[in-house]
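Starting from the known structure of chain A, fit chain B onto it as the hints suggest.
Residues per chain, in single letters:
2 protein chains.
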Amino acid sequence: MGSGFTARHLTVVGLGLMGGSLALALRGTAEMITGVDPHEETLGYALKHGIIDHATTDLKRGVEEADVVILAAPVRAIINMVSGRIGSYLRSNTLLIDIGSTKVDICTQMGHLPIGIQAIGGHPMTGKESSGIESSDAGLYRGRPFVLCPTRRTTPATRLRALSLIEALGAVPFEMEAQRHDQAVGAISHLPYLLSAALVLTVNYEGETDDAVWELAAGGFRDMSRLAAQDLNMMKDILTTNTQAVATQLAHFRMQLAMLEALLISKDEKKLAALLHSAREARLTWMRRREGK
Amino acid sequence: MGSGFTARHLTVVGLGLMGGSLALALRGTAEMITGVDPHEETLGYALKHGIIDHATTDLKRGVEEADVVILAAPVRAIINMVSGRIGSYLRSNTLLIDIGSTKVDICTQMGHLPIGIQAIGGHPMTGKESSGIESSDAGLYRGRPFVLCPTRRTTPATRLRALSLIEALGAVPFEMEAQRHDQAVGAISHLPYLLSAALVLTVNYEGETDDAVWELAAGGFRDMSRLAAQDLNMMKDILTTNTQAVATQLAHFRMQLAMLEALLISKDEKKLAALLHSAREARLTWMRRREGK
Chain A
1 MGSGFTARHL
11 TVVGLGLMGG
21 SLALALRGTA
31 EMITGVDPHE
41 ETLGYALKHG
51 IIDHATTDLK
61 RGVEEADVVI
71 LAAPVRAIIN
81 MVSGRIGSYL
91 RSNTLLIDIG
101 STKVDICTQM
111 GHLPIGIQAI
121 GGHPMTGKES
131 SGIESSDAGL
141 YRGRPFVLCP
151 TRRTTPATRL
161 RALSLIEALG
171 AVPFEMEAQR
181 HDQAVGAISH
191 LPYLLSAALV
201 LTVNYEGETD
211 DAVWELAAGG
221 FRDMSRLAAQ
231 DLNMMKDILT
241 TNTQAVATQL
251 AHFRMQLAML
261 EALLISKDEK
271 KLAALLHSAR
281 EARLTWMRRR
291 EGK
Chain B
1 MGSGFTARHL
11 TVVGLGLMGG
21 SLALALRGTA
31 EMITGVDPHE
41 ETLGYALKHG
51 IIDHATTDLK
61 RGVEEADVVI
71 LAAPVRAIIN
81 MVSGRIGSYL
91 RSNTLLIDIG
101 STKVDICTQM
111 GHLPIGIQAI
121 GGHPMTGKES
131 SGIESSDAGL
141 YRGRPFVLCP
151 TRRTTPATRL
161 RALSLIEALG
171 AVPFEMEAQR
181 HDQAVGAISH
191 LPYLLSAALV
201 LTVNYEGETD
211 DAVWELAAGG
221 FRDMSRLAAQ
231 DLNMMKDILT
241 TNTQAVATQL
251 AHFRMQLAML
261 EALLISKDEK
271 KLAALLHSAR
281 EARLTWMRRR
291 EGK
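Same order as they appear, the protein sequences are chains A and B.
The first sequence begins at 1 in my numbering and counts up one residue at a time.
The second sequence begins at 1 in my numbering and counts up one residue at a time.
Okay, chain A solo, but in the shape it has when bound (with noise of 0.2 Å):
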């Protein structure tokens, strides 16, 4: 039994590793896909591994056949494509949903979108090391946490198409509010990353000193700056919009660094343990709960 996803005809915007997991992976569900993206080897590449059946650089060709476009650009290029012209161009009833990384204000923008379009935000908590088409994965998104965010032109019917998609992905849907999403994703995905340049930076700086610092960095230090390596673009948008969450979370951050510091610096070492022992503790419930599911 499948989910009870259809499409009749199915446009994905932007085909890169997340764009093209879902094109793969919504294949048997769709009667027809069409890839939109501004560059042309992409959508020949697309093309000729059947990822996709037509290809068009032109956004209002793309979509306005649809009954269903997911929008897969980054945060920025899906904001200007919501509040720009794409609302002219799609069919009442057309199921509209992004994946950006940051919620307030792509659904905000989609609840400006003519009535009758059935429009709603996602974000699927899902990736890869490798980036690109090329790399793309029909696997990509199952198991993994989809977050749905309603905006105001979901309707009931939008919710349930929106589910039996990620069903049909294989993913896990989390509903909430655009706003709880933004918090939450600043903590765990957006500080993370600004912490992860900033101690390349101090190392960095250190280096600048003694060099030895980079011929001595092991495995800790590769974990810690692994973010620092994402991909600059899609930061920086998902950092200027979500950029109070963002503050909220280094606000915190640094109030949590500097209990730590302040019980270091004057040798508390009972209260030192029993701070870097609930960190310890948190950090093994979590895994130990990830890997019960």
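Some hints could be false.
Below, a list of computed lysine-lysine pairs in the DSSO-like style, where the Cα atoms sit at most 30 Å apart [claimed, not checked]:
no., chain 1, residue 1, chain 2, residue 2
1, A, Lys48, A, Lys60
2, A, Lys48, A, Lys128
3, B, Lys60, B, Lys236
4, B, Lys128, A, Lys128
5, B, Lys267, A, Lys236
6, B, Lys236, A, Lys271
7, B, Lys60, B, Lys48
8, A, Lys236, A, Lys128
9, B, Lys236, A, Lys270
10, B, Lys270, A, Lys236
11, A, Lys271, B, Lys128
12, A, Lys128, B, Lys271
13, B, Lys128, B, Lys48
14, A, Lys267, B, Lys236
15, A, Lys236, B, Lys271
16, B, Lys270, A, Lys128
17, A, Lys60, A, Lys236
18, A, Lys270, B, Lys128
19, B, Lys128, B, Lys236
Please keep in mind that the hints were generated in silico from the structure rather than gathered at the bench.
Here is chain B on its own, set in the frame of chain A:
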């Protein structure tokens, strides 16, 4: 051809992952290996698996006949041994090397040992997710940096013997003053640990309001929180014997993070992108350098 390292009687004090792996790696270079550990079960395991030839819980008996002694205990245990009676147990000309993660305090104490003991500080930059004698691995040190820090009891002969021991392990020696070592590992190892712990505490704080953070946390958080789960006793020893350098690196880190935050909040996207770009480049350069070896 070997490295030229030989021992008539090698004693390894502390049979955890690091000590057990040392014994395994040096098996062919020593006529006899004695293991000293406070835990009978650990000694039993090491004997049964041929990692050592003799076992004792008594430090004096373990080291008094040795010509090479490696201290592979936690930092404070090493300091206690070196500042305690070990000097009176050791024979003259014994090579004494430790593998503690901070070096200033240990090397200072080594400087007070009786003249004639050939003492030098060491710190191999290696490890594993798993710990304990059961995880011992003869290849653990191969290709990894092994720092050597001179003490007041380091003679030219001490240095050469330690270098040949490192060669026998297949590790790569880096000679530097203890102070410089502690400053460098403060940046690449101890600071990252504190950041990881403070990040987990921040997410935990958010989790008190919204459990969704734990549901949605993915690969980025997994990597950034791994260090927070490290062995607490080991980390407490490290932090409390390297407080000055850690405080310095924390101050530098705060400066870098504040810079990123100021550019984000003031919406100076160009400078923000430039700074994030330099972090990304530094990380990628380090990875290339690491892989090029």
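Against the structure, the hints:
no.: 1; hint: A:Lys48 to A:Lys60; verdict: holds, 23 Å
no.: 2; hint: A:Lys48 to A:Lys128; verdict: holds, 23 Å
no.: 3; hint: B:Lys60 to B:Lys236; verdict: holds, 27 Å
no.: 4; hint: B:Lys128 to A:Lys128; verdict: holds, 24 Å
no.: 5; hint: B:Lys267 to A:Lys236; verdict: holds, 11 Å
no.: 6; hint: B:Lys236 to A:Lys271; verdict: holds, 11 Å
no.: 7; hint: B:Lys60 to B:Lys48; verdict: holds, 23 Å
no.: 8; hint: A:Lys236 to A:Lys128; verdict: holds, 19 Å
no.: 9; hint: B:Lys236 to A:Lys270; verdict: holds, 10 Å
no.: 10; hint: B:Lys270 to A:Lys236; verdict: holds, 10 Å
no.: 11; hint: A:Lys271 to B:Lys128; verdict: holds, 28 Å
no.: 12; hint: A:Lys128 to B:Lys271; verdict: holds, 28 Å
no.: 13; hint: B:Lys128 to B:Lys48; verdict: holds, 23 Å
no.: 14; hint: A:Lys267 to B:Lys236; verdict: holds, 11 Å
no.: 15; hint: A:Lys236 to B:Lys271; verdict: holds, 11 Å
no.: 16; hint: B:Lys270 to A:Lys128; verdict: holds, 27 Å
no.: 17; hint: A:Lys60 to A:Lys236; verdict: holds, 27 Å
no.: 18; hint: A:Lys270 to B:Lys128; verdict: holds, 27 Å
no.: 19; hint: B:Lys128 to B:Lys236; verdict: holds, 19 Å
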